[in-house]
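So the sequence shown is numbered by the numbering used here: it starts at 1208 and just counts up by one.
No lab work stands behind these hints, which were simulated from the structure alone.
Treat the numbers as computed from the prediction; the structure is a model and nothing was measured.
Note that the Cβ used here is the ideal one computed from N, Cα and C, for glycine as well.
Be a bit skeptical, because a hint or two may be false.
Computed Cβ-Cβ distance ranges for the label pairs, DEER-style [unchecked claim]:
| hint | residue 1 | residue 2 | range |
| --- | --- | --- | --- |
| 1 | Glu1292 | Glu1253 | 14 to 24 Å |
| 2 | Gly1728 | Asp1511 | 24 to 34 Å |
| 3 | Glu1313 | Asp1225 | 44 to 54 Å |
| 4 | Val1336 | Glu1292 | 25 to 35 Å |
| 5 | Gln1593 | Gly1728 | 46 to 56 Å |
| 6 | Pro1726 | Asp1494 | 30 to 40 Å |
| 7 | Thr1247 | Arg1356 | 25 to 35 Å |
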Amino acid sequence: AAPSPFPNSGFGTAVAIDGEVVLIGHPGTSESRGIVVEFTWDDTRETWMEQDRIAPRMREVGDRFGSSFAFRENEMLVGAPGTDEGRGGIHRFVRNRRGDVWQAVEIFSVQGGEPGFALGSSVAIGPDVAVAGAPGADGGMGRVAIFSRLANGRWGVEGEWLSLSSELPIITGGEVLCTDGQAGQFECSEVDLLAFLPLTELGMAAGSRALAGGVTDVWGWTDPETSREYALVGRIGGASMVDVTDPSRPVYVGLLAVEDGTAQDIKVYADHAFFIGADSTGMPVFDLRRLRGVSGFPVTLTADARYDGIASAHNLVIDTQSGFAFPVGASGGGDTCGGGLHMVDIRNPTTPTFAGCYTDTEGLVWAGRTHDAQCVEYTGPDDDFQGRQICFASNETALRIVDVTDKDDPVPIAAATYPGMAYIHQGWLTEDQRYYYMNDELDELTGLAQRTRTLVWDVAELDDPVLVAEHFGSTTATDHNLYIKGDRMYQANYQAGLGILDISNPESPEEIGFFDTTPYGENPSTLAGAWTAYPFFESGTLIVSSTQEGLFLLRPAGC
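Please work from the sequences and hints to get the whole structure.
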């Protein structure tokens, strides 16, 4: 039995057997100082009996000694990944001359370890080489330390770090054409690769892929004076600004920084960038025209203003015709509007002001929460609402259509759901505002849809939206954001990457191209991969953010 059987003490975290000797790690005992327990077989009693408790001379709270161990002949190495603020270390023991007691000899680690590396989480030993894992290194991507035995039999402290190159290599300087279903290592069809910037080329530290989830949303801005095109890439710490005017030679201009925050969702209005994050970011505002005077790349930029009527939000919607912004899914402070439509007047971009709230009854995370929306000045086929400001809100458990023209008195028009609903995530109108295409983020993950599903709504009558079709993709990948330009729909479908659909026959979409941003094999239903595909540059350059990979610059066939 465990020497001190209390919850979460981890007896049995590591085990090994050598003949009639069993070693068991117990790293959580004694305030996580840890021990290794040795058992031997007792022929008389016909049971395993505790023989010894092995521990170094000095242990500290949290060392977690015994998390791993390995032995060879009369030598044993024991990992203590909590040692030295989580840098970790390896303890070496040898048996005494009688062979019945383990004696502590040395503790060693690798120079350059940092808190949280957790060296010693795993360990192995050979005649002249020892290996120890440090899974916390590089933001959780991990490293392995390799030690060589010295002439005196000890292990050298000048261990060598070994790590995998987790980033895809940068691709710039020339197009990579999609030929025979491949553009370099990426699967594709009718989409060429112009350039690719991994996370570190967007100013992020090594390990950001695991530590912070990489990048999030991407949006675009074209300078009306110079016609230069810029990608605005969301990430922890702010937004990376990339000049994509020459799409085969993108330039990382710098970081629009936000202290202890994330640019999770980004939109542009009147040459100003607005973004929100799931922290205490509020809604920073940046005058993008300032990029004209930037030199000495990369630089660190700061916001020109900050709207603090909210603390955090999940997504940001902007009606660029009317000049109103709608942070949604707000929480953590300010007037959250119950997580619904928080309306902000941004017609003077650097002095945003609160305009009103709309909260409804739907929601999955909580009642009233809107996940995303599209708000427009209505010019569609329903004569009853011409010229009104209409929001199509993805309210997690229902599509809600709302007239928000009067910010003091928004009026709900309709709500709709559908069979096999899991999580109503996001959608976009056709340019004539007749059809609304919508995705459900969790239907593939929950098995309600066997392949990537896009729902087609006929919204010719706003008070009576009708589900007229469902389009199923060729993989099980989870869908994320979709946008429409002309008769093309551009989908970001996580592990499957970019999908391009012809919607010239609106009720029968047809896939005409794709580009897989995650070249790792299958395309399962997960929440990592292509986040947003932005198709609105006049040049035809398509920018796609892929969470753990980086920024892709693509060109569909015919552009």
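Status of each hint after checking the structure:
Between Glu1292 and Glu1253 the C-beta distance comes to about 46 Å, which lies outside the given range of 14 to 24 Å. The beta-carbon spacing between Gly1728 and Asp1511, approximately 44 Å, falls outside the hinted interval of 24 to 34 Å. The supplied range of 44 to 54 Å is broken by Glu1313 and Asp1225, whose beta-carbon atoms lie about 22 Å from each other. Separation of Val1336 from Glu1292 is about 27 Å and conforms to the stated range, judged on CB atoms against 25 to 35 Å.
Remark: the range hint 46 to 56 Å for Gln1593 to Gly1728 is upheld by a beta-carbon distance near 50 Å. A beta carbon spacing of about 38 Å between Pro1726 and Asp1494 agrees with the range 30 to 40 Å that was offered as a hint. For Thr1247 and Arg1356, the hinted distance range of 25 to 35 Å is satisfied, since their beta carbons lie about 29 Å from each other.
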